[in-house]
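Start from chain A and add chain B according to the hints.
Protein chains: 2
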Amino acid sequence: MSGREFFTARTVAEARAGFRPRRRTAVEHVPLAAALHRVPAEPVPAPAPLPGFERSTVDGFAVRAADTFGASEGLPSYLDLLGAVRMGAAPEVAVRPGGCVAVPTGAVLPEGADAVVMVEYTAETLPGTVEVTRPVAPGGGVVGADEDVAAGAVLVPAGRPLRAPDLGLLAAAGVTAVAVHARARVAIISTGDEVVPPSTVDLAPGQVRDATASALAGLVTDAGGEPVPAGIVADEPGALKERLLEVLPEADLVVVSAGSSVGARDETAGAVAAVGDIWCHGLAIKPGKPTLLADCGGVPLVGLPGNPLSALVVFGQVGVPLVWLLAGCDTPPPPSSTRARLGRDLASAAGRLDIVQVTVREGVAEPLFGPSALLSVLTRADGYLTVPEPATGLDAGTEVEVVLYR
Amino acid sequence: MSGREFFTARTVAEARAGFRPRRRTAVEHVPLAAALHRVPAEPVPAPAPLPGFERSTVDGFAVRAADTFGASEGLPSYLDLLGAVRMGAAPEVAVRPGGCVAVPTGAVLPEGADAVVMVEYTAETLPGTVEVTRPVAPGGGVVGADEDVAAGAVLVPAGRPLRAPDLGLLAAAGVTAVAVHARARVAIISTGDEVVPPSTVDLAPGQVRDATASALAGLVTDAGGEPVPAGIVADEPGALKERLLEVLPEADLVVVSAGSSVGARDETAGAVAAVGDIWCHGLAIKPGKPTLLADCGGVPLVGLPGNPLSALVVFGQVGVPLVWLLAGCDTPPPPSSTRARLGRDLASAAGRLDIVQVTVREGVAEPLFGPSALLSVLTRADGYLTVPEPATGLDAGTEVEVVLYR
Numbered sequence: 001m002s003g004r005e006f007f008t009a010r011t012v013a014e015a016r017a018g019f020r021p022r023r024r025t026a027v028e029h030v031p032l033a034a035a036l037h038r039v040p041a042e043p044v045p046a047p048a049p050l051p052g053f054e055r056s057t058v059d060g061f062a063v064r065a066a067d068t069f070g071a072s073e074g075l076p077s078y079l080d081l082l083g084a085v086r087m088g089a090a091p092e093v094a095v096r097p098g099g100c101v102a103v104p105t106g107a108v109l110p111e112g113a114d115a116v117v118m119v120e121y122t123a124e125t126l127p128g129t130v131e132v133t134r135p136v137a138p139g140g141g142v143v144g145a146d147e148d149v150a151a152g153a154v155l156v157p158a159g160r161p162l163r164a165p166d167l168g169l170l171a172a173a174g175v176t177a178v179a180v181h182a183r184a185r186v187a188i189i190s191t192g193d194e195v196v197p198p199s200t201v202d203l204a205p206g207q208v209r210d211a212t213a214s215a216l217a218g219l220v221t222d223a224g225g226e227p228v229p230a231g232i233v234a235d236e237p238g239a240l241k242e243r244l245l246e247v248l249p250e251a252d253l254v255v256v257s258a259g260s261s262v263g264a265r266d267e268t269a270g271a272v273a274a275v276g277d278i279w280c281h282g283l284a285i286k287p288g289k290p291t292l293l294a295d296c297g298g299v300p301l302v303g304l305p306g307n308p309l310s311a312l313v314v315f316g317q318v319g320v321p322l323v324w325l326l327a328g329c330d331t332p333p334p335p336s337s338t339r340a341r342l343g344r345d346l347a348s349a350a351g352r353l354d355i356v357q358v359t360v361r362e363g364v365a366e367p368l369f370g371p372s373a374l375l376s377v378l379t380r381a382d383g384y385l386t387v388p389e390p391a392t393g394l395d396a397g398t399e400v401e402v403v404l405y406r
Numbered sequence: 001m002s003g004r005e006f007f008t009a010r011t012v013a014e015a016r017a018g019f020r021p022r023r024r025t026a027v028e029h030v031p032l033a034a035a036l037h038r039v040p041a042e043p044v045p046a047p048a049p050l051p052g053f054e055r056s057t058v059d060g061f062a063v064r065a066a067d068t069f070g071a072s073e074g075l076p077s078y079l080d081l082l083g084a085v086r087m088g089a090a091p092e093v094a095v096r097p098g099g100c101v102a103v104p105t106g107a108v109l110p111e112g113a114d115a116v117v118m119v120e121y122t123a124e125t126l127p128g129t130v131e132v133t134r135p136v137a138p139g140g141g142v143v144g145a146d147e148d149v150a151a152g153a154v155l156v157p158a159g160r161p162l163r164a165p166d167l168g169l170l171a172a173a174g175v176t177a178v179a180v181h182a183r184a185r186v187a188i189i190s191t192g193d194e195v196v197p198p199s200t201v202d203l204a205p206g207q208v209r210d211a212t213a214s215a216l217a218g219l220v221t222d223a224g225g226e227p228v229p230a231g232i233v234a235d236e237p238g239a240l241k242e243r244l245l246e247v248l249p250e251a252d253l254v255v256v257s258a259g260s261s262v263g264a265r266d267e268t269a270g271a272v273a274a275v276g277d278i279w280c281h282g283l284a285i286k287p288g289k290p291t292l293l294a295d296c297g298g299v300p301l302v303g304l305p306g307n308p309l310s311a312l313v314v315f316g317q318v319g320v321p322l323v324w325l326l327a328g329c330d331t332p333p334p335p336s337s338t339r340a341r342l343g344r345d346l347a348s349a350a351g352r353l354d355i356v357q358v359t360v361r362e363g364v365a366e367p368l369f370g371p372s373a374l375l376s377v378l379t380r381a382d383g384y385l386t387v388p389e390p391a392t393g394l395d396a397g398t399e400v401e402v403v404l405y406r
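In order, the protein sequences belong to chains A and B. Numbering follows UniProt numbering, in which position 277 of the first sequence is assigned residue number 277; successive positions increment by one, without gaps. Numbering follows UniProt numbering, in which position 261 of the second sequence is assigned residue number 261; successive positions increment by one, without gaps.
These aren't lab readings, by the way, just hints derived from the structure by calculation. Predicted, not measured: the structure shown is a model, and the values here were computed from it. Among these hints, one or two may not hold up.
What the hints assert, rightly or not - A short list of chain A residues far from chain B (calculated; beta carbon distances all over 12 Å):
hint, residue
1, Leu-81
2, Arg-96
3, Pro-237
4, Gly-276
5, Asp-345
6, Thr-398
Claimed, not checked - Facing chain A, a subset of chain B residues (Cβ under 8 Å, in silico):
hint, residue
7, Ala-107
8, Pro-165
9, Leu-167
10, Leu-169
11, Ala-171
12, Leu-203
13, Ala-215
14, Ala-217
15, Thr-221
16, Arg-339
Every residue, glycine too, gets a C-beta built ideally from N, C-alpha and C.
Extracted from the complex, chain A is given alone in its bound form (with noise of 0.2 Å):
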């Protein structure tokens, strides 16, 4: 069966928004130096406030505020130095009215105390008394004890990939292990008579090794999931049947990049119509139009035109987005991208979206042409910028966004 008289090609916008799979992958615990990047399945409250103490922001002298207002350089306020507080200890003296502590940056605000004057505002010219020339404010050169997360606070969201810093709140409210949803994995599988491992030496004549899959498990691993190579299979029928049966079991997403003549695409389309619902067959998209996507008992399954550069775009601007929702991302972290300048008219067709490849150098975006069966374009290329849908091309010296890789 073929299979494509009967499906309309639809375009990436109502691909992104309509071919949502309810899968999740499953929650596991991991520990902290192991979640950059994870998704949170669940918002982690705080299990009590923090800094968990009134702190010292500044290095000088805690005091009662009311005993410095109306100092000033010409009219100091002199109080009693009665102690210090020591870096990770419990105050060992109080504040009284009238006299101050000795306080560094970060210690316990000692009982009595409202505030911290700032060591600059303050001389030592008697040992015993300390002159303030400055007033502070009740609250000054403090934080409080829930200033920085109140207890049962959300320190981090579920379904936002945990950054960096995120790992340092956690650590500062002693969450030494975050739950968090599993790796989606992507099952990755070539087709075509032509294709052969990487590891091939020498080639036969007509051969071509397999280039889609290496990349294809760069992108999903920079999506957080998990690739699992799933070999290359031949254009013989039943034989992708028979594989997808065998991935689909232990599989989040299925990704099957189609031999590229006409006769292995519906092939490909027979063998994922055995096997799954096919949602669409035909992306308004250039370069990638012939992609599929199906729902394979409840496995998405995305289907890649043969041509690897082609493969790859389709897969960046519809997969990806697909393995951060399956680990329970709605939203992927932003590319990086930069504004350029155009350097030069691009065509396009009305309703399809338009990927091209781009060299950025001093503000100007050159595009990449050449037939789409070079690979080379997508190493030279330093990212990419969209026609959308609506245009019918671009004017050179247009503003546009770039999408630059990583």
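Only chain B this time, still in chain A's reference frame:
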């Protein structure tokens, strides 16, 4: 020795340009599947041309282009169908004048042919005869044997972290292992009598859990480095020097987050001065002024402020580029960023780089203020903007570039 009075503050730009260790990590060979974001030590040349054979880029018929000249819908060229080329196999038939051979996309161009007519511009009205309704130029529908990559051409350059598509091109060329720089080993030391491990359940008064080390480990990992936790050192004379002597032989970079009090900072400077040469003490950056950079017998050392937020900001500005550089990458991959309008006026001092944490909502960057001692600012922020060194501030409404966290 305090050291503070002997060293001038530097700007961040001076530090980036002048504090550049010669040291590079060793070269190791990693398989392609583990090479993502690793930094090639040498340019990787193509062992052979790609695709390696003259290849059809379309489904159609291999022809001698001259046989199609003048063909039109009204007056087609009629060619004898001589056979078909199978995918991944050598052609078994050549094209002679007046003849054609069916070829799928990606197949080898048969001998005698110099172009491929797309199937869309043909018809097989009589068995064994193909009507061509549009002329094709020589080379049309074909990529040359070395058109993607010539033998010996550079597949990927040295010094640029490998991206997903690079892995595809390397795989296509049969390169299954790459010589890359080892990950930079970054020893992370925390100091301070008040600092305890994140796993500490019950805090004594004045104690804080070590937030900085976990967050720094995340930043190091993001920069392709290998964080090496090196524990917490108390503010005791000699303790930090001893720990530094332990970690230096195994480290490519040492990071010390200093105690936050003046005394603790002086202790750090003294210990560092005893094992290396201080390059600067004080950076013209806010937050993060009390930063120290030193050369410890060829191993760079970054002494960070005790305040976790300041420490992370400074490490992002001067530490992250060092982690990349040590592994052979001069120009780190660009961060994610977005343009936004500033939501309110920002004051700054000329000559100082200000890093301002912001949220971004609907194109408006809203600064997050509050005591810099608050760690939660970094998890609430979407990113940061910089007020450049010459500026004395930015007006509300100014268009700013916000570097986004990810």
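Verification of the hints:
| no. | hint | in the structure |
| --- | --- | --- |
| 1 | Leu-81 | holds, 17 Å |
| 2 | Arg-96 | holds, 20 Å |
| 3 | Pro-237 | holds, 15 Å |
| 4 | Gly-276 | holds, 25 Å |
| 5 | Asp-345 | holds, 23 Å |
| 6 | Thr-398 | holds, 16 Å |
| 7 | Ala-107 | holds, 6 Å |
| 8 | Pro-165 | holds, 4 Å |
| 9 | Leu-167 | holds, 4 Å |
| 10 | Leu-169 | holds, 5 Å |
| 11 | Ala-171 | holds, 4 Å |
| 12 | Leu-203 | holds, 6 Å |
| 13 | Ala-215 | holds, 3 Å |
| 14 | Ala-217 | holds, 6 Å |
| 15 | Thr-221 | holds, 6 Å |
| 16 | Arg-339 | holds, 7 Å |
Comparing the model with each earlier hint shows no violations; every hint is respected.
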